[in-house]
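Protein chains in written order, with the working numbering: chain A, 1 to 171; chain S, 1001 to 1160.
Incorrect hints may appear among the rest.
What the hints assert, rightly or not - Only part of the chain S face toward chain A is listed, based on derived beta-carbon distances under 8 Å:
no., residue
1, Ala1015
2, Gln1016
3, Leu1019
4, Val1030
5, Val1038
6, Glu1046
7, Val1047
8, Lys1048
9, Lys1129
10, Lys1146
11, Ile1149
To be clear, the hints were calculated from the coordinates, so they are not data collected in a lab.
Just so it is clear, CB atoms sit at the ideal spot from N, CA and C, and this is done for glycine as well.
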Amino acid sequence: MILNQSLVASDAFEKHLINKKRKKHWGIKAMGFTLMLTSMVDMFSMLVVFLLQTFSSSPEIMVTKGIQIPDSITPSVVKEAPVLALSKDGNMYLDQKLVGKTISILKKPNNLLNKLNTIKSQWASSHSTPFAGEINLQADKEIKSTSVATIMGILTTSQFQSIELAVIGHR
Amino acid sequence: MRKKIGLGTKKELDAQLNLTPFIDLLSTMVCFLLITAVWIEIGTVEVKQSHGSAAKTQKSESFDLDIIFKNDKEVRVDLKKGSKRVRRLIVKDENFESMMVKLNTEIKNNILVFKKKAIEIATATVTPKSTVDYGSLIMTLDVLRKNKIVNIGVLTAKGN
Chain A
1 MILNQSLVAS DAFEKHLINK KRKKHWGIKA MGFTLMLTSM VDMFSMLVVF LLQTFSSSPE
61 IMVTKGIQIP DSITPSVVKE APVLALSKDG NMYLDQKLVG KTISILKKPN NLLNKLNTIK
121 SQWASSHSTP FAGEINLQAD KEIKSTSVAT IMGILTTSQF QSIELAVIGH R
Chain S
1001 MRKKIGLGTK KELDAQLNLT PFIDLLSTMV CFLLITAVWI EIGTVEVKQS HGSAAKTQKS
1061 ESFDLDIIFK NDKEVRVDLK KGSKRVRRLI VKDENFESMM VKLNTEIKNN ILVFKKKAIE
1121 IATATVTPKS TVDYGSLIMT LDVLRKNKIV NIGVLTAKGN
């Protein structure tokens, strides 16, 4: 059957056959796509190079939610140690667990000291080397520096003498 | 297959790269690197607090630096040799950022050069005030670290 290619001057059946033929052709066209392999491999290689350059194998610490840590132009590598966090809303967290309100801990640090002593005893039981006294301190950039300084004093009395202040690095 | 031209058993010059494993490897690497990528670089600023007897065992001939905040626009800088103060500077400006620039210049020109000789600072202490926020304290520590003063302690002053 020779089909009229125009949909205007044909009956319903012919219209249906023309549509079917057209759809068949579209199907063939759709199957005949080509993948530009050269540009795809180029893109992949560039992505791999970029991601390899930005790859970091140093340990990462979780920043406690709600804390905006300050920026620094002289950052050092993060060390694996317990994390003490002081949030802007006045809460204190040790390893993501709430210790209490910072103001009350500054006045009565017994709760914090007990938790720090537990960390120290856990260290002593699992390590043969002497206690390094390292702790990561995360604090919101808008809180009073005197509060941080007092907390650092409490940490020092509890033999945590090497305090790593968490910052966002800008080199 | 391509026909060999000429006589003899010469190998073909056309090398064919098998693209399928190459693309497989690249896509696996891209996925792995994207998952493990760190977009925000978190670093640390180390503060070494001296404790009890450790502070007393410092050499008497070494230079120490004390930075004491008066407020967020003024700091007092004391250079000490042993426990004796040998130089005092007052650094102040209209805002904190410009004061930090001034402090950096003063440390470079008047602290690290003492009696026309380059000196090394053994320890530095920073005593903040309640009017100074933690971000500003980190900026002060940055100024010290930029000038290769790495043994830094943070003190608490009474009457903050």
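Right, here's what the structure says about each hint:
1. Ala1015: Given a least distance of 16 Å, the restraint on S:Ala1015 is violated.
2. Gln1016: Check failed: Cβ of S:Gln1016 comes no nearer than 13 Å to chain A, outside 8 Å.
3. Leu1019: Check passed: Cβ of S:Leu1019 comes within 6 Å of chain A, closer than 8 Å.
4. Val1030: 5 Å, holds
5. Val1038: Result: holds, 5 Å to nearest chain A Cβ.
6. Glu1046: 6 Å, holds
7. Val1047: With Cβ-Cβ at 5 Å, under 8 Å, it holds.
8. Lys1048: At about 6 Å, which falls below the 8 Å cut-off, the nearest Cβ of chain A leaves the hint on S:Lys1048 intact, so it holds.
9. Lys1129: 7 Å, holds
10. Lys1146: Because about 6 Å separates S:Lys1146 from the closest Cβ in chain A, which is inside the 8 Å limit, the hint holds.
11. Ile1149: 11 Å, violated
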